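Residue numbers (my numbering), protein chains in the order written: chain A, 1 to 377; chain B, 378 to 754.
Read the hints as simulated data drawn from the structure, not as lab findings. None of the hints are false.
Sample of chain A residues at the chain B side, in silico, Cβ under 8 Å:
#1 C41
#2 P84
#3 S113
#4 Y236
#5 G259
#6 P264
#7 A267
#8 T339
Taking lysine-lysine pairs in the DSS-like style, the calculated list, with each CA pair at most 27 Å apart, reads:
#9 A/K251 to A/K123
#10 A/K141 to A/K123
#11 A/K251 to A/K46
#12 A/K17 to A/K325
#13 B/K628 to B/K446
#14 A/K17 to B/K446
#15 B/K500 to B/K625
#16 A/K251 to A/K69
#17 B/K702 to A/K248
#18 A/K325 to B/K628
#19 A/K248 to A/K123
#20 A/K17 to B/K423
#21 A/K325 to B/K625
#22 B/K628 to B/K500
#23 B/K394 to A/K46
#24 B/K446 to B/K625
#25 A/K46 to A/K69
#26 A/K248 to A/K69
#27 B/K423 to B/K446
#28 B/K423 to A/K46
#29 A/K123 to B/K500
#30 B/K628 to A/K17
#31 B/K423 to B/K628
#32 A/K251 to B/K702
#33 B/K394 to A/K69
#34 B/K702 to B/K394
#35 A/K251 to B/K394
#36 B/K518 to B/K500
Please read all numbers here as calculations on a predicted model, not as lab measurements. Cβ coordinates follow ideal geometry from the N, Cα and C atoms, glycine included.
2 protein chains.
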Amino acid sequence: MPIMQSPPGPYTVLDGKRYLYFSGTGYLGLQGHPEVIRAACEATQKYGMGSATSRVGAGEMPPLIEVEKNAAELFGCEDAFYFPSAYSGNTILALALDGQFDAVFTDERSHYSVVEAARLTQKPVHEFAHADPDDLVRQIKTHLASGGRPLVMSDGVFPGRGDYPPIQDYCRVLAEFPGVLLSIDDAHSVGVLGDHGRGTYEHTGVYDRGVNRMADGGDGPRLFFCGTMSKAFGGYGGIIPGDAAFIKHLKDTSTYFRGSNPPPAPAAAASARALRLVMDDPSILAGSRRNVAAVKAGLRELGLTDNDSPVAFVGATIGDADHMKRMHAALLERGIYVTYRATYSGLGAEGAIRIAVLANHTDEMITQLLDTLRSLV
Amino acid sequence: MPIMQSPPGPYTVLDGKRYLYFSGTGYLGLQGHPEVIRAACEATQKYGMGSATSRVGAGEMPPLIEVEKNAAELFGCEDAFYFPSAYSGNTILALALDGQFDAVFTDERSHYSVVEAARLTQKPVHEFAHADPDDLVRQIKTHLASGGRPLVMSDGVFPGRGDYPPIQDYCRVLAEFPGVLLSIDDAHSVGVLGDHGRGTYEHTGVYDRGVNRMADGGDGPRLFFCGTMSKAFGGYGGIIPGDAAFIKHLKDTSTYFRGSNPPPAPAAAASARALRLVMDDPSILAGSRRNVAAVKAGLRELGLTDNDSPVAFVGATIGDADHMKRMHAALLERGIYVTYRATYSGLGAEGAIRIAVLANHTDEMITQLLDTLRSLV
Numbered sequence: 001m002p003i004m005q006s007p008p009g010p011y012t013v014l015d016g017k018r019y020l021y022f023s024g025t026g027y028l029g030l031q032g033h034p035e036v037i038r039a040a041c042e043a044t045q046k047y048g049m050g051s052a053t054s055r056v057g058a059g060e061m062p063p064l065i066e067v068e069k070n071a072a073e074l075f076g077c078e079d080a081f082y083f084p085s086a087y088s089g090n091t092i093l094a095l096a097l098d099g100q101f102d103a104v105f106t107d108e109r110s111h112y113s114v115v116e117a118a119r120l121t122q123k124p125v126h127e128f129a130h131a132d133p134d135d136l137v138r139q140i141k142t143h144l145a146s147g148g149r150p151l152v153m154s155d156g157v158f159p160g161r162g163d164y165p166p167i168q169d170y171c172r173v174l175a176e177f178p179g180v181l182l183s184i185d186d187a188h189s190v191g192v193l194g195d196h197g198r199g200t201y202e203h204t205g206v207y208d209r210g211v212n213r214m215a216d217g218g219d220g221p222r223l224f225f226c227g228t229m230s231k232a233f234g235g236y237g238g239i240i241p242g243d244a245a246f247i248k249h250l251k252d253t254s255t256y257f258r259g260s261n262p263p264p265a266p267a268a269a270a271s272a273r274a275l276r277l278v279m280d281d282p283s284i285l286a287g288s289r290r291n292v293a294a295v296k297a298g299l300r301e302l303g304l305t306d307n308d309s310p311v312a313f314v315g316a317t318i319g320d321a322d323h324m325k326r327m328h329a330a331l332l333e334r335g336i337y338v339t340y341r342a343t344y345s346g347l348g349a350e351g352a353i354r355i356a357v358l359a360n361h362t363d364e365m366i367t368q369l370l371d372t373l374r375s376l377v
Numbered sequence: 378m379p380i381m382q383s384p385p386g387p388y389t390v391l392d393g394k395r396y397l398y399f400s401g402t403g404y405l406g407l408q409g410h411p412e413v414i415r416a417a418c419e420a421t422q423k424y425g426m427g428s429a430t431s432r433v434g435a436g437e438m439p440p441l442i443e444v445e446k447n448a449a450e451l452f453g454c455e456d457a458f459y460f461p462s463a464y465s466g467n468t469i470l471a472l473a474l475d476g477q478f479d480a481v482f483t484d485e486r487s488h489y490s491v492v493e494a495a496r497l498t499q500k501p502v503h504e505f506a507h508a509d510p511d512d513l514v515r516q517i518k519t520h521l522a523s524g525g526r527p528l529v530m531s532d533g534v535f536p537g538r539g540d541y542p543p544i545q546d547y548c549r550v551l552a553e554f555p556g557v558l559l560s561i562d563d564a565h566s567v568g569v570l571g572d573h574g575r576g577t578y579e580h581t582g583v584y585d586r587g588v589n590r591m592a593d594g595g596d597g598p599r600l601f602f603c604g605t606m607s608k609a610f611g612g613y614g615g616i617i618p619g620d621a622a623f624i625k626h627l628k629d630t631s632t633y634f635r636g637s638n639p640p641p642a643p644a645a646a647a648s649a650r651a652l653r654l655v656m657d658d659p660s661i662l663a664g665s666r667r668n669v670a671a672v673k674a675g676l677r678e679l680g681l682t683d684n685d686s687p688v689a690f691v692g693a694t695i696g697d698a699d700h701m702k703r704m705h706a707a708l709l710e711r712g713i714y715v716t717y718r719a720t721y722s723g724l725g726a727e728g729a730i731r732i733a734v735l736a737n738h739t740d741e742m743i744t745q746l747l748d749t750l751r752s753l754v
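Construct the entire structure; sequences and hints are all you get.
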């Protein structure tokens, strides 16, 4: 595996060589942003590595509170819960919803962390066909007695291919099941999808139904999601925004609040600053949107993908594994870094070339990527 | 909850007031160590917040490798796996051992993260009486058919009271079960217990039987443990040292390696530096040992505890909850911060006063704590 020797950004140093970098998950290009770095260093000077005690002890620190305040603002919610690793977000949600569902239905291509969370509920877990609302209904009806309450879990954006589930359809077909819950892992969506960067629910037009709320919202599924500070937002740690009652409930129930150290101070300060940057400077989200559209239009023209969503990456299977490995190597030789992943959740046997787009790629960089791909296809 | 406004250390600022601080888990006093802070800031300047891609992608970074190298050295192992949150250490171990056990037996006072890990194995889980080798054997014989292979899980040091399990006895009584595995969460032990700070196994004299190894080591249980960089070591993240084959197996099997971002660069650099400090400066571990002995001798004299182990904290139930709350408040008034926890894994209904000792407390500070306690008892 190559070793990264700079922050991930439009140019990234790997194994001593500077590459034009279309990879990773730093979709807004903030991991190396001078203000994010400065915030992290200032907090480290002031607070050291962190409180080293849980937040119900005396482990609360100002940068933690600032992340939650800024996240609440960005997501248009009353409050938020910031926790060490976004990987545990699905578990935190699923366990907080304990007692409100009788079985779990997971998309068959769900991320590992979704699968783990479903198992931890200790309720029966059933898979449904990838992104298929009809099969979802079929599985619920097959496995759940009438009146049983389903918890449906899925990725918000699937990390293998960069597709997302038909949330509108899910809401429609799930309306016949009273008390149904829908929970998505929005790690690859927050900071990217939707007008405010609120993720898949915003992009698919259902965010205003209410998300991560304590009370039942009326018809259709109650909507839940978790996000990360570690990808688009350039910081570190997991985030769940929501209404005050739900966030209080999460903090009351989650062992990650009372039984673990909070995220380290530099990660919190960096995350808080990055959230502020995204809210204060609309050109960041606009840059992501423009660049993603340009790259995907180019890839479509080359016949490499028909994915035209604003998701900031695409995983494309282009010929067989050998072909993709050769393509990957040829791009490397020409100074362009994209990823070839042989296996990942949701990928088939051949794997995929994964191309990610950063908000701070320039037009020239995008042209260089597309011209190089054209010369190879 | 109070807000911490400085690094945790012998003096710690909480809600604007500077307290003599006997709390938290920064047992070696490294969270605010100037060299740890400098290492974190330098890494942030150089690498930003981190690679924002999994380590099987292109997410490997020099500070991550340095943590693993230093941890391997401190723990006397060939290699180590460094991962985002120590909370997941038990899960990483238990899932890596999949296929090698038929049922899980957990100490009834195990930490939340142990309980979650046991559940995730999807094998039957049974509790045994706290720190009781006889009941452990009884439970295994009751629930496991002859020839069945048990995985025994426990905290290495229990965070409620600061006691630890009788590991020697466990090894003795478990020897009759072929293929038995013993896995402990050593979050509160690494950096504190044992001559090298290798934790509970070293302190109880079984470390040299071999730990976290791929191959069977002979008679008695195979020994496994996970640790943290976030407490004694002053950094952040989880750590599992082991032989090269086992660490490779962990990285091959763990979704935390292939399906999540690695720990942030400042946390990794701080952790690597703290490990180096502990190895290069024996006075740090010696200071912890001396201070812990002095505080516990004083507490014993006051009749507050009979715990005389080198564990760097003690949770003592002193009278009822109201009494402890008054005591806690009186200490606060006198400028001394200890924790009163009403509930925690392993505590009874009354909760406990928790007193933690840092390696860099001075004799005068310890005298001040004990004199103040004497005036209150």
